[in-house]
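Engineer: Mind docking chain B on chain A? Use the hints.
Which chain is which? The protein sequence lines are A and B, in order.
FYI, the numbering used here numbers position 190 of the first sequence as 190, with every residue one higher than the one before it.
So the mapping is simple: the numbering used here equals the position in the second sequence, first residue as 1, plus 1000.
Think of the hints as simulated: they come from the structure by calculation, not from any bench.
Among the clues, some could well be false.
[As the list claims (entries may be wrong)] If you only want the chain B side, here are some residues facing chain A, beta carbon under 8 Å, derived:
hint : residue
1    : Leu1165
2    : Ala1172
3    : Val1175
4    : Met1176
5    : Tyr1178
6    : Ile1183
7    : Thr1190
8    : Pro1246
[What the hints assert, rightly or not] These stretches of chain A come out as covered by chain B in the derived footprint (C-beta under 8 Å, 3 or more residues):
hint : segment
9    : 73-83
10   : 122-131
11   : 153-161
[Unchecked claim] So the derived label-pair ranges between C-beta atoms look like this:
hint : chain 1 : residue 1 : chain 2 : residue 2 : range
12   : A       : Pro224    : B       : Ile1033   : 29 to 39 Å
13   : B       : Arg1278   : A       : Arg132    : 13 to 23 Å
14   : A       : Asp73     : B       : Gly1088   : 50 to 60 Å
15   : A       : Glu100    : B       : Thr1195   : 27 to 37 Å
16   : A       : Gly63     : B       : Gly1031   : 40 to 50 Å
17   : A       : Tyr33     : B       : Asp1103   : 15 to 25 Å
18   : A       : Thr133    : B       : Glu1120   : 29 to 39 Å
19   : B       : Pro1055   : A       : Thr170    : 42 to 52 Å
20   : A       : Asp207    : B       : Thr1069   : 54 to 64 Å
21   : B       : Thr1039   : A       : Tyr180    : 25 to 35 Å
Every residue, glycine too, gets a C-beta built ideally from N, C-alpha and C.
These are the residues of each chain, in order.
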Amino acid sequence: MFKKTPVAAGIAALASMMIVGGVAVADADNAHYYTEMTPHELADYLIFEADGFFLDQEVQEGGTTHQRMVQDDMHKACSVIGGGDPDQETLQAVREAAAESIVYPEGGIQLGDWERGRELAWSGFGYRVGHRTDDHSARPVGGNCYNCHQMATDRTGGNVGPSLTAYGKTRGTSEAILKYAYDMIYNPHVYFPCTNMPRFGSSGFLDEQAMADIMAYMFDPESPVNE
Amino acid sequence: MFKKALLALPVALAVGATAHAQTPPEDVLQGLIDQIDSTYLTQSEMNIMMMPDNPALWTGMDGEDLFHTPRGPNNVSMEACDFGKGPGVLEGAYVELPRYFEDTNRVMDLENRIVHCMTEVQGFDPDDPAVTRRHGSGSDHMQIQTYIAMQSSGMEWNNPLDHPLEKAMRDAGEVMFYRRSGIADFNCHTCHGQTDKRIRASVLPNKDVGEEWTKAISWPAFRVGHDNVRSTQHRIRGCYWQMRMPRINPDGDASIALMSYWTDAARGQPAILPDMKR
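Chain A on its own, in the form it takes in the complex (with noise of 0.2 Å):
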């Protein structure tokens, strides 16, 4: 499936090199190793071992940091370099990982709250960490959808993602449909891999009841997306 890279062995032993009185620091005396790395190896070396960002901090949905900046299967197969897309084995090896991680409500999908909906549709709030950190016991964490979409034209929303404006009212409501939309924010990867799109359902941004509220805004026919 995914390949596997040596880079990680390479970056410890490098990194090993450098650890010199049993402390890896970034300064003047290990500069003289980078000119030795691959640009990848340099990239994760200035990330995670030359202080290149703050990785201890605790996040919201537990842990530290360092853990964004790890990346999984589908982050190394679609960081590619200068844009555009990996090859087609590795598409569909993104898109068949995105098949595995979709989980469906127990009861099957359901529309929930619509007005609760366009408040999370709306919401950039969650998951921002550093010089001001999101306490997600203020507020529910949002989609931000309309960032990349727009929705009801009330308000402005972005355009780096399709219009959803009158999705429902466009399309219905059939089992069919509300399974796809469901899977495209649950992971949008299992239809357009290595999408911009963030997976909202696998990656655990977003939880069940949000899922079902921000559905409910873009298929109820009262939704002001559907005006």
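Structural biologist: Positioned in the frame of chain A, the structure of chain B alone reads:
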């Protein structure tokens, strides 16, 4: 000379343009707009109109005083510091950063080089607020950065890649630009790989369109929404925050690698310094 002239701002820029090779930032921007049909470059008519009265010009003027005044325990001015073209030489220095500095054996951006100057030449303690306060129009850093950067307005981005470390850092920065990770799966390319794309109402610059990218990386800029002059490091910090990734360390080589790459991506395009942004 330049010091006196800056007291009258519009005059100062005119003088700068004749005495040196700088071009007023509003003229640089207009030149780009004339060359290419870009919704990114033209998205804020108000900002374009306000450019001659950019509040960052005043920040730069404050920076001029700070730069030329003997300061720190060693009581020396920053004229003794080398920003890549020799001690005290600022004209065109900024568009050639980040670059390799032999005295530190390190590729450095403007912010790190100012830290180096403050601590090693002027003798400031690394914990002195002059060194540690990096953000806000009132900070020494923003004022000094703006003053230095203004001496490169209209000049082409041209960070050197001759030294092996400069090349290595640029190439690692390229990997970082395309490196997806985290709970939201983003990389820089998610937002900066296409033309005419918007996040909500804001038009995004495309890294692969030089005329757009030079404006994107033209910091310091007065950010109207923040009511403050902001730096390159501030922009990078904001992007990683939005991407749900960890806070980047402005003193670390990761941020400088990314900057080396993105400056290379704007190579040959004229810098807009200081700029105004939303």
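Engineer: Hint by hint, say whether it matches the structure.
Structural biologist: We went through each hint and held it up to the structure:
| no. | hint | in the structure |
| --- | --- | --- |
| 1 | Leu1165 | holds (6 Å) |
| 2 | Ala1172 | holds (4 Å) |
| 3 | Val1175 | holds (4 Å) |
| 4 | Met1176 | holds (5 Å) |
| 5 | Tyr1178 | holds (5 Å) |
| 6 | Ile1183 | holds (5 Å) |
| 7 | Thr1190 | holds (5 Å) |
| 8 | Pro1246 | holds (3 Å) |
| 9 | 73-83 | holds (count 8) |
| 10 | 122-131 | holds (count 5) |
| 11 | 153-161 | holds (count 5) |
| 12 | Pro224/A with Ile1033/B: 29 to 39 Å | holds (36 Å) |
| 13 | Arg1278/B with Arg132/A: 13 to 23 Å | holds (19 Å) |
| 14 | Asp73/A with Gly1088/B: 50 to 60 Å | holds (52 Å) |
| 15 | Glu100/A with Thr1195/B: 27 to 37 Å | holds (35 Å) |
| 16 | Gly63/A with Gly1031/B: 40 to 50 Å | holds (49 Å) |
| 17 | Tyr33/A with Asp1103/B: 15 to 25 Å | holds (19 Å) |
| 18 | Thr133/A with Glu1120/B: 29 to 39 Å | holds (34 Å) |
| 19 | Pro1055/B with Thr170/A: 42 to 52 Å | holds (47 Å) |
| 20 | Asp207/A with Thr1069/B: 54 to 64 Å | holds (56 Å) |
| 21 | Thr1039/B with Tyr180/A: 25 to 35 Å | holds (32 Å) |
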